[in-house]
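Colleague: Residue numbers (the working numbering), protein chains in the order written: chain U, 10 to 145; chain L, 10 to 145; chain B, 755 to 1081; chain C, 755 to 1081.
Derived by calculation from the structure, the hints in this document are not laboratory data. Incorrect hints may appear among the rest.
In silico PhoX-like links for lysine-lysine, alpha-carbon gap of 25 Å or less [stated by the list, open to error]:
| id | chain 1 | residue 1 | chain 2 | residue 2 |
| --- | --- | --- | --- | --- |
| 1 | L | Lys51 | B | Lys874 |
| 2 | L | Lys68 | B | Lys874 |
| 3 | B | Lys922 | U | Lys106 |
| 4 | L | Lys12 | B | Lys922 |
| 5 | C | Lys757 | U | Lys12 |
| 6 | B | Lys1012 | B | Lys922 |
| 7 | C | Lys874 | U | Lys38 |
| 8 | L | Lys106 | L | Lys51 |
| 9 | U | Lys12 | C | Lys922 |
| 10 | U | Lys51 | B | Lys874 |
| 11 | B | Lys926 | L | Lys12 |
| 12 | B | Lys874 | C | Lys874 |
| 13 | B | Lys926 | B | Lys1012 |
Ranges of calculated distance between the beta carbons of each label pair, as one might list FRET restraints [unchecked claim]:
| id | chain 1 | residue 1 | chain 2 | residue 2 | range |
| --- | --- | --- | --- | --- | --- |
| 14 | L | Glu53 | C | Glu891 | 26 to 36 Å |
| 15 | B | Pro896 | C | His776 | 37 to 47 Å |
| 16 | U | Asp121 | B | Asp932 | 51 to 61 Å |
Beta carbons are placed, not taken as given, at the ideal position from N, Cα and C, and that holds for glycine.
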Amino acid sequence: MTKEEKAELRKAFADIPGTYVFTPEHSRKGYALNIFCMSLNKAENRAEFGKDESAYLDKFDLTAEQKEAVLKRQWLKMLELGGNIYYTFKIAIFDRKSMQHVGGKMSGITEDEFKEMMLSGGRSIIGNRSKKEYEV
Amino acid sequence: MTKEEKAELRKAFADIPGTYVFTPEHSRKGYALNIFCMSLNKAENRAEFGKDESAYLDKFDLTAEQKEAVLKRQWLKMLELGGNIYYTFKIAIFDRKSMQHVGGKMSGITEDEFKEMMLSGGRSIIGNRSKKEYEV
Amino acid sequence: MAKIIAGIGCSHVPAVGAASDHGKTEDGYWTPLFAALPAARKWIKDLAPDVLILVYNDHASAFSLELIPTFAIGVAQWFENADEGYGRRQIPNVEGHPELAWHITESCILDGFDLTIANKMDVDHGCSVPLTVFFGEPAAWPVKVIPICVNVIQYPPPTARRCYDLGKAIRKAVEEYDGELKVAIAGTGGMSHQLQGERSGVINTEFDVNYLDNLRDNNDVNRDRSHLEYIREAGSEGIELVMWQIMRGAMNEKVVEKFRKYHVASSNTAFGVICFENAPEEKSAAEIKAMKEPVLVEYANALGITAHVNDLKKDTLEKVLSKLGYS
Amino acid sequence: MAKIIAGIGCSHVPAVGAASDHGKTEDGYWTPLFAALPAARKWIKDLAPDVLILVYNDHASAFSLELIPTFAIGVAQWFENADEGYGRRQIPNVEGHPELAWHITESCILDGFDLTIANKMDVDHGCSVPLTVFFGEPAAWPVKVIPICVNVIQYPPPTARRCYDLGKAIRKAVEEYDGELKVAIAGTGGMSHQLQGERSGVINTEFDVNYLDNLRDNNDVNRDRSHLEYIREAGSEGIELVMWQIMRGAMNEKVVEKFRKYHVASSNTAFGVICFENAPEEKSAAEIKAMKEPVLVEYANALGITAHVNDLKKDTLEKVLSKLGYS
Ligand SMILES: [Fe+3]
Ligand SMILES: [Fe+3]
Chain U
10 MTKEEKAELR
20 KAFADIPGTY
30 VFTPEHSRKG
40 YALNIFCMSL
50 NKAENRAEFG
60 KDESAYLDKF
70 DLTAEQKEAV
80 LKRQWLKMLE
90 LGGNIYYTFK
100 IAIFDRKSMQ
110 HVGGKMSGIT
120 EDEFKEMMLS
130 GGRSIIGNRS
140 KKEYEV
Chain L
10 MTKEEKAELR
20 KAFADIPGTY
30 VFTPEHSRKG
40 YALNIFCMSL
50 NKAENRAEFG
60 KDESAYLDKF
70 DLTAEQKEAV
80 LKRQWLKMLE
90 LGGNIYYTFK
100 IAIFDRKSMQ
110 HVGGKMSGIT
120 EDEFKEMMLS
130 GGRSIIGNRS
140 KKEYEV
Chain B
755 MAKIIAGIGC
765 SHVPAVGAAS
775 DHGKTEDGYW
785 TPLFAALPAA
795 RKWIKDLAPD
805 VLILVYNDHA
815 SAFSLELIPT
825 FAIGVAQWFE
835 NADEGYGRRQ
845 IPNVEGHPEL
855 AWHITESCIL
865 DGFDLTIANK
875 MDVDHGCSVP
885 LTVFFGEPAA
895 WPVKVIPICV
905 NVIQYPPPTA
915 RRCYDLGKAI
925 RKAVEEYDGE
935 LKVAIAGTGG
945 MSHQLQGERS
955 GVINTEFDVN
965 YLDNLRDNND
975 VNRDRSHLEY
985 IREAGSEGIE
995 LVMWQIMRGA
1005 MNEKVVEKFR
1015 KYHVASSNTA
1025 FGVICFENAP
1035 EEKSAAEIKA
1045 MKEPVLVEYA
1055 NALGITAHVN
1065 DLKKDTLEKV
1075 LSKLGYS
Chain C
755 MAKIIAGIGC
765 SHVPAVGAAS
775 DHGKTEDGYW
785 TPLFAALPAA
795 RKWIKDLAPD
805 VLILVYNDHA
815 SAFSLELIPT
825 FAIGVAQWFE
835 NADEGYGRRQ
845 IPNVEGHPEL
855 AWHITESCIL
865 DGFDLTIANK
875 MDVDHGCSVP
885 LTVFFGEPAA
895 WPVKVIPICV
905 NVIQYPPPTA
915 RRCYDLGKAI
925 RKAVEEYDGE
935 LKVAIAGTGG
945 MSHQLQGERS
955 GVINTEFDVN
965 YLDNLRDNND
975 VNRDRSHLEY
985 IREAGSEGIE
995 LVMWQIMRGA
1005 MNEKVVEKFR
1015 KYHVASSNTA
1025 FGVICFENAP
1035 EEKSAAEIKA
1045 MKEPVLVEYA
1055 NALGITAHVN
1065 DLKKDTLEKV
1075 LSKLGYS
């Protein structure tokens, strides 16, 4: 793919509202953060993280901003800093929080509101395909 | 590939003298043996194998024949039992033996004879392409 | 020779597995979904496939960013259920079919597909939830499984087109296998959903229903769609739908729909299941008119028409002729 | 735009690395080999590539039978030298070029190559010995490396044809890269050798020399050869030669040979190194005759003719015209 084609694709991705496509750029930025999340698949690591979150995080090569986002459970921030939802959701599993809780946090509503939205058919695609739609 | 094509290919592989092509069949047979060999990449496993070879081998799922072949350093037998040379050579590395030593053992000559053969141009391909050549 | 007898598309929402594991299939939230499944379960039970090729994706369970195979095929005898952070699901482990799996591997690599060969691979909800959907809670899964794990998390996943082509290569391999086996193939994941970001929870029912219809009748549309369109229309995680294309590529160009359930929403996801069989050979009107009743009824059923020997033969004949555009 | 400026074929015999590491390059056994290398080292130093795409195979070091990628591309910043059972080689770690590597990855996957993406991958002698051959014993490697690891141990490896096609896809990706980089590409492994079995030690010099000649002038022969032929003719481990096809696919159809060394044997292996540059644009006889001396000399050198401005211009001209078949 040429420079132009790639730039156009990235622009198109960025044009989708509220969506962080896990491109190579994104993946490189979030590598350490996601690897930390992956480590929570192991029971012994979950136990260690549970004992002292900050100390456990220091074993990975996170930026200060990423570390803070984890400690404060800033779900959207984690995505902005290169997190991928399948990875960052491992933290929610650790917290025994649901995907609806996290979905609500990321979109600025409560878990109950989020659940209600899903029960009534989900977030509408209309108006959510392109940032340009907002301007119409 | 059809049944016939596959059978023909296997026959052609088998027709190459003194050669154990690492086909899926071969790989399945030797899986545990090769995984044991792979473990010797780690210094701590080499130490443990060194202390008690037989006990260390029991941690893997080798057949009695495979285990015996390892303990007795039967290099050709290991191949017959599903070993792959890159894996089984880990045992030679452990023994601080050279590829020429192993090559000699597999082809029934001494290490010095093997080295001499290599210095004078290697084993000739003539007569070694096909078992049928022997019969001419 | 082995034969592909069935194709399945199926969402693999983890909450569906959890609902089954925790006995919640009959509470209000889950009833609409689980109440629809017996027909699908009967269908697969009657077909009784020996092997199920199960195309799914791993969700940061067996594979991490350290190593990301585009296509990994499981050739092992057993696959354990992964710990995804909750501990392992208490369901049967998955038994493989190494012989067919290796045959497919060899055939596909020689045909130019760059598969990663997995002798050891834990499987996560992507693989186990479709098993729950089709087989419930048995003590052991009633089918051997060849898991094919596809990267759809790290951009770029394989294109829909590439997935479709892999399906074709798999079918060729299956049909050249030296052994009598009935094989089903499932593409899983989807349908529309987005877990991440401010747009999380997006659902596109129109897109999903079109996807299902096109999958049956006009799949070129699905196959030629770009990643960008999938993500924009079906959500960032809806990209999983490319995996259904592997199933579709392994089926006849013409298929018959045997079951469909579409439900919004389970957890954050539009849940879809569709079941196909290959359409029967096309017959001329004269050939059909010459069929004896039991043969005609069987043929009608294969075409997706509900027919029975107790029906009037004339009615069944009319339905068949009409379905094929002869009247 | 980045540009592929050089193609290398190179054996990767571990003993060559060990000879270098243990200061044995000037003992009788190793002299014939190492004495030939300065010309190759000067060639690469003069070209000064920014990045070397290094195609090699792992030998039960980073990958085991647990997971066998057909093609794995390293996108990391650093790659450590593997412990192959001796402890790690005391040589520099390998620095990657994540930006170009990811670009190649994205481009090739979208073009239908099913790469495994490696963010963490130890590299073994397959990768490090060619670095030793071309760069000796520096404190740090003078080039960034994109390692591409190919399965050639578990049958079936990718076909020579598939490797060649991947080379073409890599070249396309490199040329579309948004950045100025000089890129070299190396296919490694081979030449004829067999480590295993009663046939261990087999060497086929005729085959090897033909392979080298054909690689330059008539590569279709190498590209269309079956696994069976490679194994029978070049030995079971000589199958590694399929990896040279990735390099060849990334070069122009016409190449100029800049260096060649073939030596039997190092350890159990026929050792071969060959260096190519893309052949220059073809010119008409009239255009060549119109060239001024320094341009003519440069053109002659690009064609693989040793020429110097101190030579008689008439002689150089004659050599060029003759090389191109104009006289
Ligand atoms: Fe999924
Ligand atoms: Fe090698």
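Colleague: All the hints need checking, so say for each whether the structure fits it.
Modeller: Each hint, compared with the structure:
Of the pairs offered as hints, the one joining Lys51 (chain L) and Lys874 (chain B) holds, with about 19 Å between alpha carbons and a cut-off of 25 Å not exceeded. Straight-line distance between C-alpha atoms of Lys68 (chain L) and Lys874 (chain B) comes to about 17 Å, which keeps the hinted pair within the 25 Å bound. Only pairs whose Cα atoms come within 25 Å are accepted, and Lys922 (chain B) paired with Lys106 (chain U) is rejected, the gap being roughly 41 Å. The hinted pair formed by Lys12 (chain L) and Lys922 (chain B) meets the criterion: a straight-line CA distance of about 18 Å does not exceed 25 Å.
Between Lys757 (chain C) and Lys12 (chain U) the alpha-carbon distance is near 14 Å, which keeps this suggested pair within the 25 Å criterion. Between Lys1012 (chain B) and Lys922 (chain B), the direct Cα distance comes to roughly 21 Å. Compliance with the 25 Å bound is thereby established for this hinted pair. With a C-alpha separation of about 15 Å, the suggested pairing of Lys874 (chain C) with Lys38 (chain U) holds against the 25 Å cut-off. A distance of roughly 18 Å separates the Cα atoms of Lys106 (chain L) and Lys51 (chain L); the hinted pair therefore holds under the 25 Å criterion.
Only pairs whose Cα atoms come within 25 Å are accepted, and Lys12 (chain U) paired with Lys922 (chain C) is accepted, the gap being roughly 18 Å. Note on Lys51 (chain U) and Lys874 (chain B): the hinted pairing holds, with a Cα-Cα distance of about 17 Å set against a maximum of 25 Å. Taking the CA atoms of Lys926 (chain B) and Lys12 (chain L), the gap is near 12 Å; set against the 25 Å cutoff, the hint holds. Restraint check: the Cα-Cα separation between Lys874 (chain B) and Lys874 (chain C) comes to about 18 Å, which is no more than 25 Å; the hinted pair holds.
With a C-alpha separation of about 24 Å, the suggested pairing of Lys926 (chain B) with Lys1012 (chain B) holds against the 25 Å cut-off. At roughly 30 Å, the beta carbons of Glu53 (chain L) and Glu891 (chain C) sit within the given window of 26 to 36 Å. Distance hint check for Pro896 (chain B) and His776 (chain C): the Cβ-Cβ separation is about 60 Å, which falls outside the suggested range of 37 to 47 Å. Judged by the Cβ atoms, the range 51 to 61 Å given for Asp121 (chain U) and Asp932 (chain B) holds: they are separated by roughly 58 Å.
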